[in-house]
Amino acid sequence: EPEVTQTPSHQVTQMGQEVILRCVPISNHLYFYWYRQILGQKVEFLVSFYNNEISEKSEIFDDQFSVERPDGSNFTLKIRSTKLEDSAMYFCASSEQGSQFFGPGTRLTVL
Amino acid sequence: GDSVTQMEGPVTLSEEAFLTINCTYTATGYPSLFWYVQYPGEGLQLLLKATKADDKGSNKGFEATYRKETTSFHLEKGSVQVSDSAVYFCALGSSASKIIFGSGTRLSIRP
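Chains A and B supply the protein sequences, listed in that same order. Terminal number for the first sequence in our numbering: 631, no gaps in between. Terminal number for the second sequence in our numbering: 1058, no gaps in between.
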């Protein structure tokens, strides 16, 4: 069964450093998403992406964040200068048009 | 804006007990409703969904009915197992748009 994959599973970084989180969506899906879950809190929407552009973003998704689909398979989330409060689990999701399928997540720890 | 409210956890039950996790929503339009499950150390898995009023979603013995009149989507299971221990998220979304999650309910099942 096709699934969304994410790498790395755990990333530790120093405050102020740039990180890139990688996702491989399900191959025939057209819509891509990033969500995050701060430990013990609810899952929050960050951004959606369709047809090579952002279709919607939340207030959390400020200028420090960017997304890219650099080739036909990967979908990345970049955080330019990480802050302590960026520590969270980041989930990628993809959909054809209906249900979203989530990856296993990348746990980002900012020290 | 749209929102989801679900019962606070944790919920602790004995094996074979009946489970209900309450969920209510506020939405403009006619969203789809979802239950996602997050097992310890894993990502989000779609458990079941319903796309319109009076639809019943079901999977693995879990059921939830889309009740427009009470704006609810309560999760039920007749006989829980230890392996059902997880965090359960109620959520809503419209086609290809972001998913809005509830705060999650941690379920623990005692043998």
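Among the hints, a few may not be true.
Claimed, not checked - Subject to a maximum C-alpha distance of 16 Å in a straight line, what follows is the list of computed EDC-like cross-link-like pairs (lysine to aspartate or glutamate):
(1) A:Lys562 <-> B:Glu955
(2) B:Lys1024 <-> B:Asp949
(3) A:Lys562 <-> B:Asp949
(4) B:Lys1015 <-> B:Asp949
(5) B:Lys1024 <-> B:Glu962
(6) B:Lys996 <-> B:Glu1023
Unchecked claim - A partial selection of chain A residues facing chain B, derived with a Cβ cut-off under 10 Å:
(7) Thr596
(8) Ser607
(9) Gln620
Just so you know, these hints were derived from the structure itself, not from any lab. Since we're looking at a predicted model, the values are computed, not measured. For every residue, glycine included, the Cβ atom is placed at its ideal position computed from N, Cα and C.
Do the hints match the structure? See the list:
| no. | hint | result |
| --- | --- | --- |
| 1 | A:Lys562 <-> B:Glu955 | holds, 12 Å |
| 2 | B:Lys1024 <-> B:Asp949 | violated, 27 Å |
| 3 | A:Lys562 <-> B:Asp949 | holds, 15 Å |
| 4 | B:Lys1015 <-> B:Asp949 | holds, 14 Å |
| 5 | B:Lys1024 <-> B:Glu962 | holds, 11 Å |
| 6 | B:Lys996 <-> B:Glu1023 | holds, 13 Å |
| 7 | Thr596 | violated, 18 Å |
| 8 | Ser607 | violated, 17 Å |
| 9 | Gln620 | holds, 6 Å |
Consistency with the previously given hints fails for numbers 2, 7, 8, ordered from lowest to highest.
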